[in-house]
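Novice: Sequence:
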Amino acid sequence: MLKNSEQNYGLVSRANHWLSAALFIGLIGLGIYMHEMEKGPERLEMYQLHKSLGIGLFMLMMVRLLWLKISPNPEQISNSKFEHILGHAVKGILYLAMIMMPISGWIMSTTGGHDVSFFNLFTLPVLIGENEMIHEIAEEIHGTAGYLLIAIVALHIAGALKHHLVYKDATLLRMLGKNKKEI
1 MLKNSEQNYG LVSRANHWLS AALFIGLIGL GIYMHEMEKG PERLEMYQLH KSLGIGLFML
61 MMVRLLWLKI SPNPEQISNS KFEHILGHAV KGILYLAMIM MPISGWIMST TGGHDVSFFN
121 LFTLPVLIGE NEMIHEIAEE IHGTAGYLLI AIVALHIAGA LKHHLVYKDA TLLRMLGKNK
181 KEI
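The C-terminal residue of the sequence shown carries number 183 in full-length UniProt numbering, and the numbering is unbroken.
Read the hints as simulated data drawn from the structure, not as lab findings.
This one's a predicted model, so the numbers in the text were calculated from it and none came from an experiment.
Every residue gets a Cβ at the ideal spot worked out from N, C-alpha and C, and that includes glycine.
Check before you lean on any hint, since a few could be wrong.
[To be verified] In silico DSBU-like pairs for lysine-lysine, Cα to Cα no more than 30 Å straight-line: (1) LYS91 x LYS39; (2) LYS39 x LYS178; (3) LYS91 x LYS162; (4) LYS3 x LYS91; (5) LYS178 x LYS81; (6) LYS162 x LYS3; (7) LYS69 x LYS178; (8) LYS168 x LYS178; (9) LYS162 x LYS178; (10) LYS81 x LYS162; (11) LYS39 x LYS69; (12) LYS81 x LYS91; (13) LYS3 x LYS81.
[What the hints assert, rightly or not] Cβ-Cβ distance ranges computed for the label pairs, FRET-style: (14) TYR167 x GLY129: 51 to 57 Å; (15) MET46 x SER80: 24 to 30 Å; (16) GLY92 x TYR167: 19 to 25 Å; (17) ILE157 x LEU127: 18 to 24 Å; (18) PHE82 x LEU165: 17 to 23 Å; (19) SER5 x GLU36: 24 to 30 Å; (20) SER52 x TYR147: 44 to 50 Å; (21) SER52 x TRP18: 18 to 24 Å; (22) LYS178 x GLY26: 39 to 45 Å; (23) VAL126 x ILE99: 17 to 23 Å.
Input sequences plus hints: build the corresponding full structure.
Specialist: Set out below in structure tokens:
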């Protein structure tokens, strides 16, 4: 089934979730790795890859937001009102982050005088010309938010594992395309 149902995630939502997760985690790792590299052509290539993957993640998030209008997510499984609120808050922060991180990276690049290209297929327009002050602010936001988001992703994963291992409910199984009955 492509669309979400009241109980389960459809193929489109599951594929978007796992592809976004892989890209997001890869972008964090690549960002940390390339930041430690010495300046040179290899580092420049890593920055170009990071930018392209960031644009890809942004596009996936736009598809996700559109898809939510077409096919709303099933209601989350919660054991308490606090967990229900926490689950929505974590998901909201992740959605916001996967939109804001590419935007702050785009601003950081263009204010630093660098193009933002998607695998050399197209180049994003310059939102703000070169500006050292804005560049430094965007750089700080992008870097700090990346580290903070590691904690949010860990909380998201911990919540899924708690539901699966402690509560033994279908929360994680639904994102794997399985029902509790299938296990």
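Novice: Each of the hints needs a verdict: does it hold here or not?
Specialist: Right, here's what the structure says about each hint:
{"no.": "1", "hint": "LYS91 x LYS39", "verdict": "36 Å, violated"}
{"no.": "2", "hint": "LYS39 x LYS178", "verdict": "46 Å, violated"}
{"no.": "3", "hint": "LYS91 x LYS162", "verdict": "16 Å, holds"}
{"no.": "4", "hint": "LYS3 x LYS91", "verdict": "19 Å, holds"}
{"no.": "5", "hint": "LYS178 x LYS81", "verdict": "25 Å, holds"}
{"no.": "6", "hint": "LYS162 x LYS3", "verdict": "26 Å, holds"}
{"no.": "7", "hint": "LYS69 x LYS178", "verdict": "23 Å, holds"}
{"no.": "8", "hint": "LYS168 x LYS178", "verdict": "13 Å, holds"}
{"no.": "9", "hint": "LYS162 x LYS178", "verdict": "17 Å, holds"}
{"no.": "10", "hint": "LYS81 x LYS162", "verdict": "16 Å, holds"}
{"no.": "11", "hint": "LYS39 x LYS69", "verdict": "44 Å, violated"}
{"no.": "12", "hint": "LYS81 x LYS91", "verdict": "15 Å, holds"}
{"no.": "13", "hint": "LYS3 x LYS81", "verdict": "27 Å, holds"}
{"no.": "14", "hint": "TYR167 x GLY129: 51 to 57 Å", "verdict": "52 Å, holds"}
{"no.": "15", "hint": "MET46 x SER80: 24 to 30 Å", "verdict": "43 Å, violated"}
{"no.": "16", "hint": "GLY92 x TYR167: 19 to 25 Å", "verdict": "22 Å, holds"}
{"no.": "17", "hint": "ILE157 x LEU127: 18 to 24 Å", "verdict": "33 Å, violated"}
{"no.": "18", "hint": "PHE82 x LEU165: 17 to 23 Å", "verdict": "19 Å, holds"}
{"no.": "19", "hint": "SER5 x GLU36: 24 to 30 Å", "verdict": "45 Å, violated"}
{"no.": "20", "hint": "SER52 x TYR147: 44 to 50 Å", "verdict": "22 Å, violated"}
{"no.": "21", "hint": "SER52 x TRP18: 18 to 24 Å", "verdict": "19 Å, holds"}
{"no.": "22", "hint": "LYS178 x GLY26: 39 to 45 Å", "verdict": "25 Å, violated"}
{"no.": "23", "hint": "VAL126 x ILE99: 17 to 23 Å", "verdict": "19 Å, holds"}
Checked against the numbered hints above, the structure breaks hints 1, 2, 11, 15, 17, 19, 20, 22 and satisfies the rest.
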